[in-house]
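**Student:** Let the hints inform the model, and build the full structure from the sequences given.
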Amino acid sequence: MNVDLRSINKCVRCGTCRSVCPIFEDSGWESANTRGRIMIIKGLAEGREADASAVDSLSTCTTCGLCTECCPAGVNPPELIEASRRDLVSRGMVTERQALLNRKVIESGNTFGEESDRLAWLQDRRPAVQKSDYVYFVGCLASYRYPEIAARTFEVLRRFGVALLPDEQCCGSPLMRTGFDYSRLKEHNIQQIRDMGAHTVITGCAGCYTALKRYGCRDFRVVSVPEFLAEHLSELKLQPLDLKVTYHDPCHLGRHARVYDQPRQVIKAICELEEMAANRSSSRCCGGGGGVRSGYGELSLRLAKKRLEDVPGDVDYVVTSCPLCIRNLTDAGAEI
Numbered sequence: 097m098n099v100d101l102r103s104i105n106k107c108v109r110c111g112t113c114r115s116v117c118p119i120f121e122d123s124g125w126e127s128a129n130t131r132g133r134i135m136i137i138k139g140l141a142e143g144r145e146a147d148a149s150a151v152d153s154l155s156t157c158t159t160c161g162l163c164t165e166c167c168p169a170g171v172n173p174p175e176l177i178e179a180s181r182r183d184l185v186s187r188g189m190v191t192e193r194q195a196l197l198n199r200k201v202i203e204s205g206n207t208f209g210e211e212s213d214r215l216a217w218l219q220d221r222r223p224a225v226q227k228s229d230y231v232y233f234v235g236c237l238a239s240y241r242y243p244e245i246a247a248r249t250f251e252v253l254r255r256f257g258v259a260l261l262p263d264e265q266c267c268g269s270p271l272m273r274t275g276f277d278y279s280r281l282k283e284h285n286i287q288q289i290r291d292m293g294a295h296t297v298i299t300g301c302a303g304c305y306t307a308l309k310r311y312g313c314r315d316f317r318v319v320s321v322p323e324f325l326a327e328h329l330s331e332l333k334l335q336p337l338d339l340k341v342t343y344h345d346p347c348h349l350g351r352h353a354r355v356y357d358q359p360r361q362v363i364k365a366i367c368e369l370e371e372m373a374a375n376r377s378s379s380r381c382c383g384g385g386g387g388v389r390s391g392y393g394e395l396s397l398r399l400a401k402k403r404l405e406d407v408p409g410d411v412d413y414v415v416t417s418c419p420l421c422i423r424n425l426t427d428a429g430a431e432i
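Using our numbering, read the sequence shown as starting at 97 and increasing by one per residue.
Hints were generated in silico from the structure; no laboratory data involved.
Errors might be hidden in some of the hints.
[What the hints assert, rightly or not] Have a look at the derived ranges for each label pair, beta carbon to beta carbon:
id : residue 1 : residue 2 : range
1  : E203      : E431      : 31 to 39 Å
2  : I366      : S279      : 36 to 44 Å
3  : S212      : R102      : 46 to 54 Å
4  : D147      : G257      : 47 to 55 Å
5  : K227      : P408      : 17 to 25 Å
6  : K340      : V108      : 39 to 47 Å
7  : E126      : L334      : 35 to 43 Å
8  : E203      : L337      : 41 to 49 Å
9  : K333      : T112      : 43 to 51 Å
10 : K340      : D100      : 40 to 48 Å
11 : G312      : E126      : 29 to 37 Å
[What the hints assert, rightly or not] Below, simulated DSS-like cross-link-like pairs (lysine-lysine); rule was C-alpha separation at most 30 Å, straight line:
id : residue 1 : residue 2
12 : K364      : K309
13 : K333      : K364
14 : K364      : K401
15 : K364      : K402
16 : K333      : K401
17 : K106      : K138
18 : K333      : K200
19 : K138      : K340
20 : K333      : K227
21 : K364      : K340
22 : K401      : K200
23 : K401      : K340
24 : K106      : K309
25 : K309      : K227
It should be emphasised that the depicted structure is a prediction, and the values quoted were computed from it without experimental measurement.
Ideal Cβ positions, reconstructed from N, Cα and C, are used throughout, including at glycine.
**Tutor:** What follows is the structure in structure tokens.
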């Protein structure tokens with residue numbers, strides 16, 4: 097198993113992670129808690145055979161990173177979880193839903209297995225820009241499930257000369273999180289960006305953001321839509337709205353990337369912001385990440401409903417900067 101035992105052995109089994117793990121809060125099982133998962137990973141690294149219970153334990157982590165925030169020993173459990181998932185995939189130990197997701201992404205280039213045009217949301221069919229310093233990486237969810245978000249985001253970004261990739265494919269995040277090989281997608285998208293000559297890639301999806309960052313390509317920088325808008329706030333000429341909203345920090349944009357201030361800066365330039373009870377580094381997970389929504393839908397929805405308990409009662413909308421969070425929280429009943 098390609099997991100550093102030194103990282104595993106840093107865990108002192110104190111159980112501090114039990115106080116923050118959303119899966120443990122839901123089930124109460126030690127195997128559904130970070131500490132229990134690390135003990136399972138340790139067993140696998142020492143030669144234990146993987147079984148269905150180990151697959152379920154390691155597959156139900158959303159990789160939200162709350163455990164990393166509170167760990168007194170400095171363990172990074174999401175890294176260990178993802179490494180263990182790669183090992184399980186190499187052993188052929190995957191669930192049917194995980195295998196289906198992998199097949200959809202590999203065969204179609206998107207997480208939904210859609211064969212329709214990825215840019216069908218684009219109403220203005222002017223000739224595609226061949227070269228640009230900036231490109232908008234739309235992502236699967238905005239392209240296929242939230243085309244209005246893709247269209248409105250691009251309408252704003254276009255003012256700054258931002259272009260679209262001619263053949264964007266899935267960033268690979270769903271495969272990366274669940275242990276599958278995403279190298280073909282990575283190389284395809286990197287080549288698309290290089291051919292465009294872009295030095296900045298802008299994305300509105302937290303999953304795409306961390307995946308593109310992990311490409312490790314030095315030819316371009318990756319920024320989120322809130323970061324880009326915050327950089328150009330004085331040029332946007334925003335009109336204030338008579339609304340009060342609250343902001344949900346996506347795990348992979350917040351805890352994983354420390355992008356906390358820029359979304360709030362943009363929101364406050366438009367309307368009133370009231371924080372959730374748990375926000376910034378302590379923000380609860382929406383339940384959608386780490387392959388949990390695609391593999392364990394009922395569990396994912398319960399976590400989303402738990403997150404909505406943090407929403408202040410007097411706000412008009414919940415605002416977030418991740419379409420997967422939008423989907424999960426909307427399914428749980430939020431106005432987003």
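**Student:** A separate judgement is required for each hint: does it hold in the structure or not?
**Tutor:** Here is what the structure says about each hint:
For the hinted restraint 31 to 39 Å between E203 and E431, the CB-CB distance of approximately 35 Å keeps it satisfied. The beta-carbon spacing between I366 and S279, approximately 40 Å, falls within the hinted interval of 36 to 44 Å. Distance hint for S212 and R102: a CB-CB separation of about 48 Å, consistent with the stated range 46 to 54 Å. Checked against the hint of 47 to 55 Å, the pair D147 and G257 passes, with Cβ atoms roughly 54 Å apart.
For the pair K227 and P408, the beta carbons lie near 46 Å from each other, so the given range of 17 to 25 Å is not met. Checking the proposed 39 to 47 Å range against K340 and V108 shows it holds: the Cβ atoms sit about 43 Å from each other. Taking 35 to 43 Å as the suggested C-beta distance range, the pair E126 and L334 does not conform, at roughly 49 Å. Roughly 43 Å separates the CB atoms of E203 and L337, a value that falls within the hinted 41 to 49 Å.
Look at K333 against T112: about 47 Å separates their beta carbons, and that is inside 43 to 51 Å. Restraint check, K340 to D100: a C-beta distance of roughly 47 Å satisfies the suggested window 40 to 48 Å. Checked against the hint of 29 to 37 Å, the C-beta distance between G312 and E126 comes to roughly 35 Å, which is consistent with it. Distance check on the hinted pair: K364 and K309 sit about 27 Å apart at the alpha-carbon level, within 30 Å; holds.
A distance of roughly 13 Å separates the Cα atoms of K333 and K364; the hinted pair therefore holds under the 30 Å criterion. Restraint check for K364 and K401: the C-alpha separation of about 26 Å stays at or below 30 Å, so the hint holds. Distance hint between K364 and K402 is fulfilled; the C-alpha atoms sit about 26 Å from each other, no more than 30 Å. Proposed proximity of K333 and K401 is contradicted: the alpha carbons are some 36 Å apart, above 30 Å.
A hinted pair counts as satisfied when its Cα atoms are at most 30 Å apart, and K106 with K138 qualifies at roughly 11 Å. At most 30 Å may separate the alpha-carbon atoms for a hinted pair to count; K333 and K200 exceed this at roughly 41 Å. As the CA atoms of K138 and K340 are separated by approximately 47 Å, the hinted pair breaks the 30 Å bound. Simply put, K333 and K227 have alpha-carbon atoms about 27 Å apart, close enough for the 30 Å limit, and the pair holds.
Distance restraint check for K364 and K340: the Cα-Cα separation of roughly 10 Å lies within the 30 Å cut-off, and the hinted pair is therefore satisfied. At most 30 Å may separate the alpha-carbon atoms for a hinted pair to count; K401 and K200 meet this at roughly 28 Å. With a C-alpha separation of about 21 Å, the suggested pair K401 and K340 falls inside the 30 Å cut-off, and the hint holds. A distance of roughly 26 Å separates the Cα atoms of K106 and K309; the hinted pair therefore holds under the 30 Å criterion.
Restraint check for K309 and K227: satisfied, since their Cα atoms lie roughly 22 Å apart, inside the 30 Å limit.
Checked against the numbered hints above, the structure breaks hints 5, 7, 16, 18, 19 and satisfies the rest.
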